[in-house]
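For this note's numbering, add 1336 to where a residue sits in the sequence shown, where the first one is 1.
Simulated from the structure, these hints should not be mistaken for lab results. Note that the structure is predicted; figures quoted are calculated from it, not measured. Hints should not be assumed to be uniformly reliable.
[As the list claims (entries may be wrong)] Below, computed lysine-lysine pairings styled on PhoX-like, alpha-carbon distance capped at 25 angstroms: (1) LYS1638 to LYS1774; (2) LYS1688 to LYS1774; (3) LYS1793 to LYS1726; (4) LYS1768 to LYS1378; (5) LYS1378 to LYS1605; (6) LYS1569 to LYS1605; (7) LYS1682 to LYS1604; (8) LYS1804 to LYS1774; (9) LYS1569 to LYS1681; (10) LYS1374 to LYS1604.
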Amino acid sequence: MFDYTATYTDQYQITMSQVYFHKGLQEETAIFDYFFRKNPFKGGYVVFAGLEDFLNAVEHLRFDEKDLNYLQKEGMDQKFLDYLKNFRFRGTIYSPKEGDLTFPNRPTISVEASIIEAQLLETLLLNILNYQSLIATKASRMRLSAGDRKLVDFGLRRAPGTGGYSAARASVIGGFNATSNVRAGRDYNIPISGTMAHSFIQRYDDELSSFRDFAEIRPDDCVLLVDTYDTLKSGVPNAITVGKEMKERGEKLKGIRLDSGDLAWFAKKSREMLDDAGLNDVKIAASNQLDEYVIRSLLKQKAPIDLFGVGTSLVTGRPDAALDGVYKLAFANNSPRLKLSENIKKINLPGKKQVYRLLLNDGSFYGGEVVSLAEETEFNTMHHPIEHHKSRDLNEFTKEPLLSKVMENGQRLHQPKSLQEIADYSQQQLNKLPEEFKRFENPHIYKIGLSKSLKEKRDRLVSHLKDKVQLQTANEGFDIEQISNEK
């Protein structure tokens, strides 16, 4: 795992913390919520990933000597540096289980800690959770397309720097079976998978010799790349020759890989040739600019492909490239807090909260959740967050609380789950989500409502802050209407 120290952050997190420290606010309690405003890929859900990596990083987060020396050079004063020398996160984190599904405009994680501790977690949290959740969601969509075919992460060489390491982990949570990334395989216990490059074949004077040497050294895991020269006239025939030779030795050719051209057509022709040669159990793998749409198309064309190797589209989260997760202050200075916006959709929810998922009698998702105040236990109506006349009676649903305490006093409360346990749980949750939310085109919108108490608290605070701004600008001689018109 990446060795995070507390300077793995944005500069303004430290400068704000310096001000809080010198104003004596370092023990003030604050609550920040992590959430996002829209699903990536025009989809209907997000797979929540990165929690275990985040908690591991938080438990060990420190300013080491190199960090402190650097900050001193950057002009931080000695008293503040002495404080940072003893910095530890001692707060509380509330979260759903990793691998669960999460949706826009409701808290996914809540951090409750001293304001400096909570502030210094922001960049780390966003960096880990935004990226891994994006990649896990992309992987999940490919799993929906691929059905029971195998999926392998081939993306390290196209990933944004060391992001390929985290992407391998996130891809498994989303439903991938293996990775080409050896380091991620070692650290996360992910099966590793790979074949050969075109350069290996090009090094030899003839393709058949390269195939024979590879099969000799790797008889138990021999997959041959067949498109270096001519897939159907050279590659597949030479693979068949080697496959028969292996069969005579009591060995087995595991598969062939197609990496260019019309993959559906080549797969069908290759399957025919392999079957005619009595190599019915040889698998066909395909790679080359695959994504959920290409995989879906190939299988609709009945391409006999057993394994898909996916690279660029997976690790870059193409076409979105980022999940727009944010980290907003909800409580500080003994009061609920929010950020005003001209767009009511961008006004965050104040105070400490809980999220309840609405379940049908069979345990499946209804397609909606309610955000309430943390202390609320009984409410039977959810209200539309914007359209005041819309509400929904909840008596027919079971309400499942989603935010549970996963860290207290800076210590994890549970043993880490294995990556496969997280992946299995994620698939179970996805199976509970109705199909209309999993469509690639025009998925249903998952409903996020508010309890009456939370909605009233938000609306009162919005009104109070607007009155306060109006009074302040009036006292300073500004004409709000004129300023608005000038905009």
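Structure-based check of all given hints:
Distance restraint check for LYS1638 and LYS1774: the Cα-Cα separation of roughly 22 angstroms lies within the 25 angstroms cut-off, and the hinted pair is therefore satisfied. Straight-line distance between C-alpha atoms of LYS1688 and LYS1774 comes to about 31 angstroms, which puts the hinted pair past the 25 angstroms bound. For the hint linking LYS1793 to LYS1726, the alpha-carbon distance of about 18 angstroms falls within 25 angstroms, and the restraint holds. Distance restraint check for LYS1768 and LYS1378: the Cα-Cα separation of roughly 20 angstroms lies within the 25 angstroms cut-off, and the hinted pair is therefore satisfied.
Under the criterion of a C-alpha separation no larger than 25 angstroms, the hint pairing LYS1378 with LYS1605 is inconsistent with the structure, at around 35 angstroms. Restraint check for LYS1569 and LYS1605: the C-alpha separation of about 11 angstroms stays at or below 25 angstroms, so the hint holds. This hinted pair does not check out: LYS1682 and LYS1604 have alpha carbons roughly 51 angstroms apart, beyond 25 angstroms. Between LYS1804 and LYS1774, the direct Cα distance comes to roughly 44 angstroms. Violation of the 25 angstroms bound is thereby established for this hinted pair.
A threshold of 25 angstroms between alpha carbons decides the hint, and for LYS1569 with LYS1681 the separation of about 59 angstroms lies outside it, so the pair is violated. A threshold of 25 angstroms between alpha carbons decides the hint, and for LYS1374 with LYS1604 the separation of about 40 angstroms lies outside it, so the pair is violated.
Comparing the model with each numbered hint stated earlier shows that hints 2, 5, 7, 8, 9 and 10 do not hold.
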